[in-house]
Amino acid sequence: MANIESPMSGKVWKILVKVGDAIVEDDEVIILEALKMENPIFAPEDGVIKEINVKEGQQVTEGDVLVVLE
Amino acid sequence: MELLQGMWTSMAFDNLYWGNLVMWAIALTFVYLAIKKGFEPLLLLPIAFGILLVNLPSEIMTPGEGLLWRFYHYGEEWAIIPPLIFLGIGAMTDFGPVIANPKTLLLGAGAQGGVYVTFFGALALGFNIDQAAVIGIIGGADGPTTIFLASKLAPEMMGICAVAAYSYMALVPVIQPPVMKLLTTEAQRKIRMKSLRKVSKLEKIFFPIITVIVITLVVPDAAALMGMFCFGNLMRESGVVDRLSLTAQNELMNIVTIFLGISVGATMPAEVFLTTKVIGVFILGSVAFCCATACGIGLAHLMNLFLKEKINPLIGAAGVSAVPMAARVAHKVGSEADKKNYLLMHAMGPNVAGVIGTAVAAGMFLSVLK
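Chains as they are written, first to last, in the working numbering: chain A, 786 to 855; chain B, 734 to 1103.
The hints are simulated quantities; they were obtained by calculation from the structure and are not laboratory data. The beta-carbon is built from N, C-alpha and C at its ideal position, and this holds for glycine as well. What you were told as hints is all true, and nothing was included just to trick you.
Quick partial rundown of chain A residues pointing at chain B, CB under 10 Å, derived from the structure:
no., residue
1, P792
2, M793
3, S794
4, D811
5, L817
6, L820
7, K821
8, I826
9, F827
10, P829
11, T846
12, E847
In isolation and in its complexed conformation, chain A is listed as follows (with noise of 0.2 Å):
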């Protein structure tokens, strides 16, 4: 199980998993908006979405858990 951190804080932009997805490692989960950029988060291990901790529009900041896989 390994939860995928946010690396940086800005604006949840798009999410690009479910709950019960399952993914391979570099696969984009989460793409975030931060200076008007958009920029992806990859998932960092093969594994499947158990929870997903964020909705779109959300504010997060650097090593909040965005996604938690197993």
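Chain A is already provided as a structure; the job is to place chain B on it using the hints.
Below, chain B without anything else, positioned relative to chain A:
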């Protein structure tokens, strides 16, 4: 018949010469770039219209009479508008990344090396010392500071230097990456940086206060720009005057941008603009910009010799003060080498420090040359 003749003479075709027509073409090109290409449209569109107006036969820039002359005189010659823009930039700027990693202040200063390299280059090319200073400051990629310095040292260079500065700001994503890739290795671009620590509200409140005291004591001539900048930032971070802070960032900023853009455009009648000097300014401006990028990266390499936790040298390139374009470019070039490398916030440190750096560099020129 006589009536027709009278109308013909009162019309102004006689006062046009080919240069004006060239300027119309330039103005229309700028309009095109602004609308179709999205090149800094907030500034380019008003500047383009100012160019068009001043190259029509009219009294619009006649000293003491013309409308645009008044905008120009009270706004720029009196150096009121650039500091007001700095008020807005201060209110928009989050100094968190600098406070969390104060080493980035050095990078913001390092990139100003490009300013001085170009200053000497312009001197060598035969510009006088005041003009050379204004051309050098283009390397900081800071429009308002360029206009501010030009108004004090070389008003005749204001229009062209402002256009050069804003053009290069728009061209940051084109000019910087080749220089950045040339001066870093793939492995260096992959360096990931440790997450920034959280910065408390108290630190953010004290930062502008301490900054304005230190900088004004050391470089008194930077006081107009830095005073407004730090005041804007204090309004932002205090959290108690959101109305003022938002006004400075939005409405006031927009209002002064209108006056600034159109009157800067109006400083470019054909007889001033269409000289060989203009080409020199544009070439030197791009040299300034490349040197600033290189200086920032060079300083980052130098710092890495002493630092245990290496910084990614790409963020040094963000020391030019085009906020946040330069930080975005650093991030983008970094993520091309390693797509999971998020440099954006780290690059914002040198980037906002670069704004201070360019204002200080301008202040230093003023104190020596004025």
